[in-house]
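In order, the protein sequences belong to chains A, B, C, D, E and F.
Residue numbering for the first sequence follows our numbering, starting at 0 and increasing by one per position.
Residue numbering for the second sequence follows our numbering, starting at 0 and increasing by one per position.
Residue numbering for the third sequence follows our numbering, starting at 0 and increasing by one per position.
Residue numbering for the fourth sequence follows our numbering, starting at 0 and increasing by one per position.
Residue numbering for the fifth sequence follows our numbering, starting at 0 and increasing by one per position.
Residue numbering for the sixth sequence follows our numbering, starting at 0 and increasing by one per position.
Be aware that a few hints might be false.
What the hints assert, rightly or not - Heads up, simulated DSBU-like pairs for lysine-lysine below, C-alpha to C-alpha not over 30 Å straight-line:
no.: 1; chain 1: A; residue 1: Lys312; chain 2: F; residue 2: Lys129
no.: 2; chain 1: D; residue 1: Lys129; chain 2: F; residue 2: Lys129
no.: 3; chain 1: B; residue 1: Lys129; chain 2: E; residue 2: Lys312
no.: 4; chain 1: E; residue 1: Lys129; chain 2: C; residue 2: Lys312
no.: 5; chain 1: A; residue 1: Lys129; chain 2: D; residue 2: Lys312
no.: 6; chain 1: C; residue 1: Lys129; chain 2: B; residue 2: Lys312
no.: 7; chain 1: B; residue 1: Lys311; chain 2: B; residue 2: Lys245
Calculated from the structure, these hints are not laboratory results.
Computed from a predicted model, the values in this text were never measured in an experiment.
Number of protein chains: 6
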Amino acid sequence: MPFPWEPRPTNVSAPVWRYSANPIILRDALPTSNSIFNSAAVKFGDGYAGVFRCDNTHREMRLHAGFSPDGLNWTIEPEPIVWNIPDAEVEAPEYGYDPRVVWIEDRYYVTWCNGFHGPTIGLGYTHDFKEFTMVENALLPYNRNGVLFPRRVDGRYLMLSRPSDRGHTPFGDIFLSQSEDLIHWGRHRFVMNPVEPWESTKIGAGPVPIETPEGWLLIYHGVLTSCSGYVYHWGAALLDLEQPWKVIARGRPYLMSPQRLYEQAGDVPNVVFPCAALHDEATGRLAIYYGGADTVTCVAFAQIDELVDWVKKHSA
Amino acid sequence: MPFPWEPRPTNVSAPVWRYSANPIILRDALPTSNSIFNSAAVKFGDGYAGVFRCDNTHREMRLHAGFSPDGLNWTIEPEPIVWNIPDAEVEAPEYGYDPRVVWIEDRYYVTWCNGFHGPTIGLGYTHDFKEFTMVENALLPYNRNGVLFPRRVDGRYLMLSRPSDRGHTPFGDIFLSQSEDLIHWGRHRFVMNPVEPWESTKIGAGPVPIETPEGWLLIYHGVLTSCSGYVYHWGAALLDLEQPWKVIARGRPYLMSPQRLYEQAGDVPNVVFPCAALHDEATGRLAIYYGGADTVTCVAFAQIDELVDWVKKHSA
Amino acid sequence: MPFPWEPRPTNVSAPVWRYSANPIILRDALPTSNSIFNSAAVKFGDGYAGVFRCDNTHREMRLHAGFSPDGLNWTIEPEPIVWNIPDAEVEAPEYGYDPRVVWIEDRYYVTWCNGFHGPTIGLGYTHDFKEFTMVENALLPYNRNGVLFPRRVDGRYLMLSRPSDRGHTPFGDIFLSQSEDLIHWGRHRFVMNPVEPWESTKIGAGPVPIETPEGWLLIYHGVLTSCSGYVYHWGAALLDLEQPWKVIARGRPYLMSPQRLYEQAGDVPNVVFPCAALHDEATGRLAIYYGGADTVTCVAFAQIDELVDWVKKHSA
Amino acid sequence: MPFPWEPRPTNVSAPVWRYSANPIILRDALPTSNSIFNSAAVKFGDGYAGVFRCDNTHREMRLHAGFSPDGLNWTIEPEPIVWNIPDAEVEAPEYGYDPRVVWIEDRYYVTWCNGFHGPTIGLGYTHDFKEFTMVENALLPYNRNGVLFPRRVDGRYLMLSRPSDRGHTPFGDIFLSQSEDLIHWGRHRFVMNPVEPWESTKIGAGPVPIETPEGWLLIYHGVLTSCSGYVYHWGAALLDLEQPWKVIARGRPYLMSPQRLYEQAGDVPNVVFPCAALHDEATGRLAIYYGGADTVTCVAFAQIDELVDWVKKHSA
Amino acid sequence: MPFPWEPRPTNVSAPVWRYSANPIILRDALPTSNSIFNSAAVKFGDGYAGVFRCDNTHREMRLHAGFSPDGLNWTIEPEPIVWNIPDAEVEAPEYGYDPRVVWIEDRYYVTWCNGFHGPTIGLGYTHDFKEFTMVENALLPYNRNGVLFPRRVDGRYLMLSRPSDRGHTPFGDIFLSQSEDLIHWGRHRFVMNPVEPWESTKIGAGPVPIETPEGWLLIYHGVLTSCSGYVYHWGAALLDLEQPWKVIARGRPYLMSPQRLYEQAGDVPNVVFPCAALHDEATGRLAIYYGGADTVTCVAFAQIDELVDWVKKHSA
Amino acid sequence: MPFPWEPRPTNVSAPVWRYSANPIILRDALPTSNSIFNSAAVKFGDGYAGVFRCDNTHREMRLHAGFSPDGLNWTIEPEPIVWNIPDAEVEAPEYGYDPRVVWIEDRYYVTWCNGFHGPTIGLGYTHDFKEFTMVENALLPYNRNGVLFPRRVDGRYLMLSRPSDRGHTPFGDIFLSQSEDLIHWGRHRFVMNPVEPWESTKIGAGPVPIETPEGWLLIYHGVLTSCSGYVYHWGAALLDLEQPWKVIARGRPYLMSPQRLYEQAGDVPNVVFPCAALHDEATGRLAIYYGGADTVTCVAFAQIDELVDWVKKHSA
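With the rest of the complex left out, here is chain A (with noise of 0.2 Å):
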């Protein structure tokens, strides 16, 4: 399994860099979609597996499996995900948007921005991309950006989530919720809210955070308000291990904003927003996924121990 990778260019100082062949998957790649972006791409066999947010060309928000030998060249199924839903009070999603994957225990668990009479965060799980079952919402509308931590914490199922309106929500705190049985969720802490100028308005989890010696790490999404409209950055922070709800350190500045044209124009112009990332151990490689201008997918790499580093030099 080859791991998507590019050294670092010598010209490039910061703690992250973009892929030379960006963006991966363009917006046309299956015949019905509009643009492929803000998606989840894991390890799956000896290869990648992943959900991609396709909006088609009604613009509706839809999920589609995707398959990779090197998670660089990605094949999307043409129809979108069919949920099995064996609990017949569960509603059908309305829509489905801006998916997070993750492994626990024994199956992939799959949150999205669910439409359930406005966002909210759905909940379901595959175990090979091809069947995917839907449980409960995790929490009630109106929420976006539910992301879950790879195992239990103190015995508790752990979520990321940023409550929000029902619009273009122009406010937007992370809080966390903890579960012990991924059915119900309580336990709601706070956990951080927007301090600096790129953030200001908004910040949202981003990739299901990383445990490494150091607390968990976690890559964010941050909006800014222009008189042109939101501009999308990200940062990352660094998160107690045990009581993940405490900030241990945060980069004061972003890691990337949008700065290609393939981040400036396109459906919404100026949007980096970071939906997964990939890691391997043996290296500390790490390949983050984020959507471009909401149009194309694209992918930026880092070192783990470096942006750890980071994080902890540029906290408060």
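Assemble chains B, C, D, E and F onto chain A, guided by the hints.
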């Protein structure tokens, strides 16, 4: 224990009628109060007790306990409720308002709009209205109008709530959440959304639902937006006894709108907001406590059977 | 047929004065009414008839017929007007409000704010205030305050209107449209826009214009936006007899503003909204019907000649 | 007269495809132009003529005539159209934009968004694209996207329009109005409102409807509101031949969205806005003129029969 | 010169109490007035004089002089103040409202909200309340609530103001500016911003600060935004005698909120707005003039020493 | 000292033309910079110096000094300017942006948008672009675009400014203030407000006015609000030499609008924002520095005499 009551005036045909001595609690009933309204009364001992929203002259929103021999004449405790919070990870309330109180099994539970990095549903209990203990916030922000059912249904505690935003939320549907331990909540169900003009902006549960042979009687408020702001009314619906997220019948007209000067003029003109209801099982009498103009506390009366009939008759 | 009248109080120097027994119709004059206001009265038989805006306790806006022997004591039909609609392509009203009624040639014409995928000007007629027939909507949405002239001018029917948007429109000028058949309208002319502070948000025609030797006397409402919402006043102007889109004179101050409690408190505080005027040719007396606080129906009085003089004297 | 055409690229399966040499008219094609877009071309003589929206460097919106031998290379008249206005009561345009041109019976009619105390639908005609005569505004303000049918239907002229407000209107349905004289309009019919996400904010008619055996082919634009503002797309529907306010079929996906840099960057990013279509009856070829980014003029191609089939196949 | 006074009612424990005959000036005290409120009274001769905000029935905002023998019964000049403006480059006021008057050194200075391409702080003076001279606007637009100190401090004139925007400004802090000539202003200092809920939208200086041994006593208004608009209250603070931009103590609760019908109903419901205060050095009595509901003029009373004690006691 | 210059391209007839190697400073010219734009250059020694707006990767707005031998190649100091503030009562800047620099009498003065409880006009000076001293804020918040004249006029220093609100201000006129000591400002004069569509939202002074025999040449920006946000242009006017608040002539069209990709795409699309201009007295050459897309620094060229002629010729 005299039940608070006044017979229907002969010139009133509507199913609810106002107490002739309204308001029963004036805005300055405490030396430090700006207003006392949106308050919750229950039977207690050989009289009544309650939790009252008392905004002080800072315009801070505070909860106070209160006692009454007859449900009409109330003594409000001059100091706000101080919550005992056993779990150090639970944050003390930034503020509290719009309480509901309900006896379940062995104690009185209080839910209220709790300031936790935004409004959400706080949960606590008391045995004596002197000592109060706060447990976990039931739900994530941003939420208001959290109302517990008075018993478990199918083994689970049930809570209605109205997901909101951070401000004067211009939307709102009622959802139901379920819990096995009053800490973790899930199995969220959509209950109902605005339908009629009087409730076209938003709706929210009012008093604790009242169990009747024909269903749970739910009194709820509904808001219309005029060119001068919100106008609050209240109406009623019947929910299925076993699956209370299913609406059996819903009275299409409102039951009450702001028509008296103490409802039309005050800190927020044109508000009638119900938070509690006492009912007398022997006589079927109902005393509904509601706030007037976000300033004073009022009472209205009804017969439960007449009200149930009215809901069924005026359902779509 | 007694004309509704009360002489000017001795302490009033203004050209219009309120009826001392205002409001003449209370909000709950019907068992199903939330409010009765913004209504249109005309001479009919040996008394008076009219079309009334009755919002019911759904807060649905409905038109009802009504009758009066003296213009002050009214009997409102308990059921809303049911429109006979001969042309199957004309859609039945979604709602109706703010009616005007005028006798032209051989029948009473009714215009009102009609729900047709948004508010616009519905047009119908009656001979007896029992049978009502609806023809085509005169204008496209979004429009309000459509008012017919009482006779053809230069062979054409004339209608004033106030193009609007879908909500609580924050702008508004008065235009005039012309028709040869009351079905097709064109030759649109701009009449006037807000000038004075009391009308700075928007203006709209009130009662049917009254023909005087010096021009058409137009009473119209004007809205100012305070930090608590809209404040409705009314004033008057004189339009050219032959080219009524030309304003001859316009009284700069308002004639009436909300100063009584029945105008300041109610479903929409601070509204005086005129929709009809009776005049007695013999005496020059004028009885102006206006809504108070979007809740009740009121009357004010004036002498036409005094009012015309006032307009000319207070014109810019 | 060569028809503007380029065959479908082999890698395109969509029913419309862009001209490879887009944009065909650059923003500074006139010395005084800021942008030239949203323009209307028709067959004229042995070539083509048109009316073009040319915003000048004041950013004033002006209409200019233009001529082309082949529909692709255009010469724009440097001076704006000067309207001859026979009726002194008709006001000269304050501004003009988004023209449509159609041959009916004996002349070319022009409709445009006309500044008449707000935007509405101006109506005029020309025989030679040198002399232009303005008649009455067809409709009251506030309206945009007024489009005439190319022949009478059931003896009446027909116009589609999209009632609006005064600003960047955040709503919009398409209505149809009827006239016997092109001066007075009535018998207004509702045609359609936004349904799909790509058009969820508003829709508006584009080119003059094209008569096909299966109905009137209507190309129309639809707007979605992102967190950076409006995104304009276009799609197509079929209207009943005899009662064109009845929608027979409506393609649910969009046909075109902003995907090229000349559509994504410019004075208004993310706009494709169709205003005209030429069709060749012999070959069934269709050349659709559309504005890119409110800055330049572009062309796309289609086969009418394929487009009709697509609409029917993709209808709900 | 009788000082306007009424002893504290026995049932009032608050440090300020209303005059029992409020309002002292009714809205129609002038034949042309819509309302008279937010007005400034000072000692003058053997009685009192003042500058009054009189909105006329155009709803134009005008300043009028007025006189009173006892501070409670006022005669308002029927004509607005006409400003003598010696410098031709100074523009005449477009409008004037919310005046303050203060005796400094040798004359009465008037500051007011002056219409100069937007609201700002006009400055003028009078010796006799008959002749008024306007000098330069003290500050650039957009500003309101400009209040002079009654003497130089450290050799400089001082002015409080509340920078604003053009409309119903939804924010506002109090700043202090300094001048050596009453023409040029600089050395701007931040004084205070909203802290408590009752003032959470904005604050603004009220009457001319009153010098006490413990500091300058500043009465100021504070605004809270309810779902029906703004609610105005007033409170008090103590500023450092030598560096008055330093807040020594600040009463956290409000001193007065709209609780009487003449404060709750009127052109702007729920407004109490103080603009002037008379104090009697011998007795320490204070008479505070404030507007009610932007409609009438009212008075409240206090003892200065009690008020200073209250501020210190209720400071954070 | 070579003057930065490039002759007019032969195909350009407009009075200003872009430098062919734009942008001259890229967004990441500093390791810590997010963007460098809206910057001020002046002649200094035998080359040029300047103050640059460098937003860092926190998106904090900071001022940096910079130096250049030729006005085109710049070295930016890596650390922000640290202000020496002699007066302890003057608060250190919360942030700084959009600087202007001007030599007056004996030193370089810097004005900028200074964070002082909101944006206002900071004032400081330097002799060497190494040591910088801050004096008093010239004006109260909320203000932006403060620009000094390069000499006293009638003995007084003059400053243009654009009063604003706290956010993305949707309005704005240019005013002039006068001072005898650069500390206290008064004699405020209205200069001009938006007139043309390209500037219809707001205008603001750009570079320091350039004295010409025919008046002060003022280059200023103007903003139009599209449905995607603000579009920034710039134009020019001539102000009276002796009374510079009097506009002698004003070019009605814009001189420059965003037409290159480096102006259309970036952190704020569609911005050209001029902050400085160098002129060469011998040749009449003008080099105008402007920000592109709030991201990069650009240069355009003109001949002063041609520009003056253009203004006069295109004045209304």
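Hints, verified against the model:
Proximity of Lys312 of chain A to Lys129 of chain F is assessed by CA-CA distance (about 29 Å); at most 30 Å being required, the pair is judged to hold. For the suggested pair Lys129 of chain D and Lys129 of chain F, the alpha carbons sit about 65 Å apart, so the restraint of at most 30 Å is broken. Between Lys129 of chain B and Lys312 of chain E, the direct Cα distance comes to roughly 29 Å. Compliance with the 30 Å bound is thereby established for this hinted pair. Note on Lys129 of chain E and Lys312 of chain C: the hinted pairing holds, with a Cα-Cα distance of about 28 Å set against a maximum of 30 Å.
The suggested pairing of Lys129 of chain A with Lys312 of chain D holds, with an alpha-carbon distance near 28 Å, which does not exceed 30 Å. For the given pair, Lys129 of chain C sits about 29 Å from Lys312 of chain B by alpha-carbon distance, which is consistent with the 30 Å threshold. A distance of roughly 14 Å separates the Cα atoms of Lys311 of chain B and Lys245 of chain B; the hinted pair therefore holds under the 30 Å criterion.
Hint compliance for this structure: hint 2 is the single one not met.
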